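Working from the sequences, and respecting the hints, build out all of it.
Residue numbers for the sequence shown follow the working numbering, so the first one is 1 and each next one is one higher.
Just so you know, not all the hints are guaranteed correct.
Unchecked claim - Restraint ranges, calculated between C-beta atoms of paired labels, are given here:
#1 P270 to I128: 21 to 31 angstroms
#2 D328 to I104: 24 to 34 angstroms
#3 K193 to A89: 50 to 60 angstroms
Don't read these hints as lab results, they were simulated from the structure. None of the values given here were measured: they were computed from a predicted structure. Every residue gets a Cβ at the ideal spot worked out from N, C-alpha and C, and that includes glycine.
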Amino acid sequence: MKDDLLKIKEAGLAGVTAANDLRTLDDVRVEFLGKKGSLSQISRGMGSLSAEERPIMGQMVNDVKDTLEAAVLAKKSELSQKAMLEALATETIDVTLPGIAPKIGNLHPMTIVTEEICQIFIGMGYEIAQGPDIETDYHNFEALNIPASHPARDEQDTFYVEGGHVLRTQTSPVQIRKMETSEPPIAIVAPGKVFRSDEVDATHSPVFHQIEGLVVDKGIHMGHLKGALTQFAQKVFGDDVRTRFRPHHFPFTEPSAEMDVSCFGCGGHPEKMPTCRLCKAEGWIELLGCGMVHPKVLERCGIDPNVYSGFAFGMGLERIAMQRYNIDDMRLLFDNDMRFLRQF
1 MKDDLLKIKE
11 AGLAGVTAAN
21 DLRTLDDVRV
31 EFLGKKGSLS
41 QISRGMGSLS
51 AEERPIMGQM
61 VNDVKDTLEA
71 AVLAKKSELS
81 QKAMLEALAT
91 ETIDVTLPGI
101 APKIGNLHPM
111 TIVTEEICQI
121 FIGMGYEIAQ
131 GPDIETDYHN
141 FEALNIPASH
151 PARDEQDTFY
161 VEGGHVLRTQ
171 TSPVQIRKME
181 TSEPPIAIVA
191 PGKVFRSDEV
201 DATHSPVFHQ
211 IEGLVVDKGI
221 HMGHLKGALT
231 QFAQKVFGDD
241 VRTRFRPHHF
251 PFTEPSAEMD
261 VSCFGCGGHP
271 EKMPTCRLCK
281 AEGWIELLGC
291 GMVHPKVLER
301 CGIDPNVYSG
311 FAFGMGLERI
321 AMQRYNIDDM
331 RLLFDNDMRF
341 LRQF
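Below, the structure written as structure tokens:
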């Protein structure tokens with residue numbers, strides 16, 4: 001067995017020396033040091049040796065293994081260095097070739113519209129307010145005059161999560177939090193993402209964006225509301241935009257209304273209305289809901305309704321983006337199709 005070990009050592013060193021590339025060197029390593037290599041076969045035969053011979057031969061096996069491993073490692077380093085030098089000598093880089101320009105991104109149309117609307121209201125004296133996407137049941141419903149038995153909860157088909165919380169169905173909870181922590185006068189707008197179990201179509205989505213506004217001060221009345229929203233509509237849609245206010249009902253405002261603008265698909269023109277997908281041949285697009293803040297909502301937030309009054313409004317940002325960029329399907333805003341997004 002000792003002679004066999006010496007032969008393995010000599011043969012292994014000779015194979016390492018003769019290897020002229022990394023692949024050949026690895027073949028030598030497997031032949032002598034692999035699981036089925038020569039040294040492994042010698043090790044398996046040591047069981048037949050006497051107790052006195054076994055430790056001596058075991059030490060010899062380890063010495064041969066260490067010698068071969070060291071030789072393989074040194075040869076591998078030598079061949080790697082050689083390969084790198086050959087590559088440097090043969091491979092060249094043409095430094096005169098033009099570089100690859102980095103791709104420059106751009107703002108999403110929803111971001112553009114949100115920032116533009118925020119700037120309009122900032123110019124009118126409003127502040128920007130933010131709140132959490134996951135809200136308490138109290139802030140999303142109870143404080144807004146929507147108790148557990150109120151049918152408005154069914155209309156919104158709310159997404160509930162653990163712990164009695166809910167994915168907010170509107171950004172109105174931001175208004176509640178602001179009134180709870182601030183003294184009037186208050187003038188804020190609250191942009192953000194909201195969640196409702198709506199069917200997906202050209203004008204609806206279960207996840208969309210809203211911006212809501214709130215003004216609370218002494219002597220606020222419906223005329224202030226209509227004036228502010230008319231000015232906003234003219235800033236966004238142009239001075240020739242037509243608006244109308246229709247009586248409506250919201251639990252958190254009284255009186256309440258919905259504001260429509262002339263359809264930004266057909267413009268309300270009779271010849272175009274019958275085929276318009278946006279307004280469904282009505283000539284008007286519902287833009288937002290609004291109204292005077294309900295006295296109970298003010299009272300729950302610690303504001304005396306006998307001293308202060310206020311108005312609130314809320315609108316979907318996707319519809320405004322669709323008008324601005326002549327988009328006829330809301331789903332395009334969520335598909336992440338670069339052919340579409342590059343236009344902005």
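Hints, one by one, checked against the model:
1. P270 to I128: 21 to 31 angstroms: Cβ of P270 to Cβ of I128: about 41 angstroms, so the range 21 to 31 angstroms is violated.
2. D328 to I104: 24 to 34 angstroms: For I104 against D328, whose Cβ atoms are near 28 angstroms apart, the range 24 to 34 angstroms holds.
3. K193 to A89: 50 to 60 angstroms: Holds - the Cβ-Cβ distance for K193 and A89, about 58 angstroms, lies within 50 to 60 angstroms.
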